[in-house]
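Student: When you get a sec, could you build the whole thing from the sequences and use the hints?
Chain residues, written in single-letter form:
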Amino acid sequence: MKGVKEVKNRIRAVESAAKITFAMQLVAASKMRRAQDFAIGSRPYLLRLSEIICCLSEKKIQKNMHPFFLPQEGKKRCIIVVGTDRGLCGVLNHTLFKAIPEGEIDFISIGRKAMQFLSRTQCSLLASFSVNDRVQYHEVLGICDFVAQLYLEGKVSTVEILYQKFINTLTYTSSLQRLLPMSGFFDVFNQMLSTAHIEPECFRRDVRGLLFEPDLKQIIDHIAKIFLKYNLHQVLLEAKASEHSARMVAMKNATDNAASLSQRLKLEYNKARQYAITSEIIELAASTVEYR
Amino acid sequence: MAICVEVITPYQVVCTEEVVSLTVNTVMGEIEILPMHRPLMTILEVGSARLKLLDGSQKTIATSSGIFKLENDRAVLTVEEAVKIYGLRVASSIEEAKMLAKNALKTTLIRGNLEQNELERLEAKVRSELTKKLLKQ
Numbered sequence: 001m002k003g004v005k006e007v008k009n010r011i012r013a014v015e016s017a018a019k020i021t022f023a024m025q026l027v028a029a030s031k032m033r034r035a036q037d038f039a040i041g042s043r044p045y046l047l048r049l050s051e052i053i054c055c056l057s058e059k060k061i062q063k064n065m066h067p068f069f070l071p072q073e074g075k076k077r078c079i080i081v082v083g084t085d086r087g088l089c090g091v092l093n094h095t096l097f098k099a100i101p102e103g104e105i106d107f108i109s110i111g112r113k114a115m116q117f118l119s120r121t122q123c124s125l126l127a128s129f130s131v132n133d134r135v136q137y138h139e140v141l142g143i144c145d146f147v148a149q150l151y152l153e154g155k156v157s158t159v160e161i162l163y164q165k166f167i168n169t170l171t172y173t174s175s176l177q178r179l180l181p182m183s184g185f186f187d188v189f190n191q192m193l194s195t196a197h198i199e200p201e202c203f204r205r206d207v208r209g210l211l212f213e214p215d216l217k218q219i220i221d222h223i224a225k226i227f228l229k230y231n232l233h234q235v236l237l238e239a240k241a242s243e244h245s246a247r248m249v250a251m252k253n254a255t256d257n258a259a260s261l262s263q264r265l266k267l268e269y270n271k272a273r274q275y276a277i278t279s280e281i282i283e284l285a286a287s288t289v290e291y292r
Numbered sequence: 001m002a003i004c005v006e007v008i009t010p011y012q013v014v015c016t017e018e019v020v021s022l023t024v025n026t027v028m029g030e031i032e033i034l035p036m037h038r039p040l041m042t043i044l045e046v047g048s049a050r051l052k053l054l055d056g057s058q059k060t061i062a063t064s065s066g067i068f069k070l071e072n073d074r075a076v077l078t079v080e081e082a083v084k085i086y087g088l089r090v091a092s093s094i095e096e097a098k099m100l101a102k103n104a105l106k107t108t109l110i111r112g113n114l115e116q117n118e119l120e121r122l123e124a125k126v127r128s129e130l131t132k133k134l135l136k137q
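These protein sequences, in sequence, are chains X and S. Per the working numbering, the first sequence runs over residues 1 to 292. Per the working numbering, the second sequence runs over residues 1 to 137.
Hints may contain errors.
[To be verified] Residues of chain S placed beyond 10 Å of chain X at every Cβ, according to the derived structure:
(1) M1
(2) S21
(3) M28
(4) E32
(5) P35
(6) R38
(7) I43
(8) R50
(9) G56
(10) T60
(11) K102
(12) N103
(13) E118
(14) K125
(15) T131
(16) K136
[To be verified] Computed, partial: chain S to chain X, Cβ under 8 Å:
(17) V13
(18) A62
(19) T78
None of these hints come from the bench; they were simulated from the model. Glycine included, C-beta positions come from ideal geometry on N, C-alpha and C.
Tutor: Shown next as structure tokens:
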């Protein structure tokens with residue numbers, strides 16, 4: 001049996017660790033609520049923009065249309081991997097990195113953990129960005145411009161984004177979503193509707209056909225860049241909501257584990273103490289008998 | 001017959017209303033939409049959207065540029081920024097601010113008097129304690 005002092009030291013260490021994890025849980029909970037509000041609040045806007053993009057991508061694509069709608073030649077994919085900046089968020093990053101597809105792919109990382117993983121696995125990493133918890137708009141603009149330039153120069157044929165999609169506090173799934181080209185957007189839109197639990201009937205088309213003013217090309221030019229920016233912004237908000245939720249849950253589990261471990265150690269401590277007392281009494285009794 | 005209008009920004013759904021007519025500022029000029037209008041998609045200019053409600057009242061929403069889509073008597077203004085002008089109570093908010101300032105000043109004054117009283121009470125206590133000590137000596 002371990003010594004009383006040793007067990008006491010362990011109890012103290014576990015209790016101080018529990019205090020730290022509990023504080024981190026509270027911080028993550030407050031950040032999580034804000035991140036979730038942002039992510040959920042901006043969903044209707046993206047849904048409407050997607051509906052418009054869906055309408056536009058159904059039209060016959062002409063050669064002089066916005067290049068974001070025209071598929072690029074070549075087979076090289078570009079994937080943006082959205083990881084976290086800090087750890088202690090359970091298996092969030094691990095499951096995300098497991099979902100990275102294989103092949104000839106150029107990568108862009110967002111978050112320190114994604115950068116570390118991609119550089120460690122010797123992937124072709126083009127750039128590494130970092131966004132703070134509030135997902136500032138100017139941070140998204142930089143990423144957006146870089147990606148648009150890559151696509152327009154024909155260096156990559158598709159731009160996709162891999163992130164942890166937020167479903168609820170306990171659930172998130174790795175999702176690989178296409179950002180560019182924007183043509184053939186119908187499947188993505190249907191997927192968004194099913195995620196938001198909206199019936200496609202709500203978006204039924206008018207038989208009279210849409211009238212575009214001033215013309216289709218100008219509308220597409222106007223919406224293409226806005227959609228890319230807000231799509232990326234929404235993805236980052238969802239990823240942040242997943243990150244803080246995962247961290248909160250991980251810290252809660254750690255606090256619970258520390259509490260149960262501390263209880264077990266206290267039992268061990270009491271046993272050790274009792275053992276010491278008993279052996280002392282036996283020794284005393286034995287010495288008294290001998291003295292008589 | 002009514003048109004369902006939704007004004008959506010990246011941060012929130014600003015307004016959802018049933019209206020009899022809607023006037024928006026587009027790149028082609030100002031247009032008024034009535035029920036059974038032909039499906040339309042156009043670019044919005046910075047300006048205001050005027051909503052005429054079923055009860056005859058009018059609401060105005062200032063919007064930034066964006067996309068306007070009308071289909072099946074359902075109008076959606078997808079804009080980057082929107083502010084409800086009808087929700088702003090400028091005059092009353094100024095009155096409220098003045099009242100708050102007046103109350104704050106009054107409270108500070110009362111607290112100032114209280115502090116003076118407190119000081120006198122403490123001084124009296126110190127005097128009595130000193131007298132007791134002197135008497136003991």
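Student: The structure should be examined with respect to each hint, and the outcome stated for every one.
Tutor: Cross-check of the supplied hints:
1. At roughly 15 Å from the closest C-beta of chain X, the C-beta of M1 of chain S stays outside 10 Å, upholding its exclusion from the interface.
2. Every Cβ of chain X is farther than 10 Å from the Cβ of S21 of chain S; the closest lies at roughly 18 Å, confirming the non-interface assignment.
3. The non-interface label for M28 of chain S is inconsistent with chain X: the shortest C-beta to C-beta separation is roughly 5 Å, within 10 Å.
4. With a cut of 10 Å on Cβ distances, E32 of chain S stays outside the contact zone with chain X, its closest approach being about 14 Å.
5. Against chain X, the non-interface label of P35 of chain S holds: every CB pair exceeds 10 Å, the least being about 13 Å.
6. Its beta-carbon lying about 6 Å from the closest one in chain X, R38 of chain S breaks the requirement of being farther than 10 Å from that chain.
7. A beta-carbon of chain X is positioned within 10 Å of the beta-carbon of I43 of chain S; the least distance is around 5 Å.
8. Look at R50 of chain S: its CB is around 19 Å from the nearest CB on chain X, clear of 10 Å, so calling it non-interface holds up.
9. Chain X leaves G56 of chain S outside its interface by the beta-carbon criterion, the shortest separation being 28 Å against a cut-off of 10 Å.
10. No Cβ of chain X comes within 10 Å of the Cβ of T60 of chain S; the nearest lies about 21 Å off, and the non-interface call holds.
11. The claim that K102 of chain S lies off the interface holds: its Cβ sits roughly 35 Å from the closest Cβ of chain X, which is beyond the 10 Å cut-off.
12. Listed as a non-interface residue, N103 of chain S keeps its Cβ farther than 10 Å from every Cβ of chain X; the least gap is roughly 32 Å.
13. With a least beta-carbon separation of about 38 Å from chain X, E118 of chain S lies farther than 10 Å from that chain, consistent with its non-interface assignment.
14. Against the 10 Å criterion, K125 of chain S stays outside the reach of chain X, whose nearest CB is about 42 Å from its own CB.
15. For T131 of chain S, the shortest C-beta to C-beta distance to chain X comes to about 51 Å, beyond the 10 Å cut-off, and the non-interface label holds.
16. Separation of K136 of chain S from chain X is adequate, the least Cβ-Cβ distance of about 50 Å exceeding the 10 Å criterion.
17. Hint status for V13 of chain S: holds, given a least beta-carbon distance of 5 Å to chain X, under 8 Å.
18. Residue-level restraint check for A62 of chain S is violated (minimum Cβ-Cβ distance to chain X is 17 Å; threshold 8 Å).
19. Given hint, T78 of chain S at the interface with chain X, holds; its Cβ is 5 Å from that chain's nearest Cβ, closer than 8 Å.
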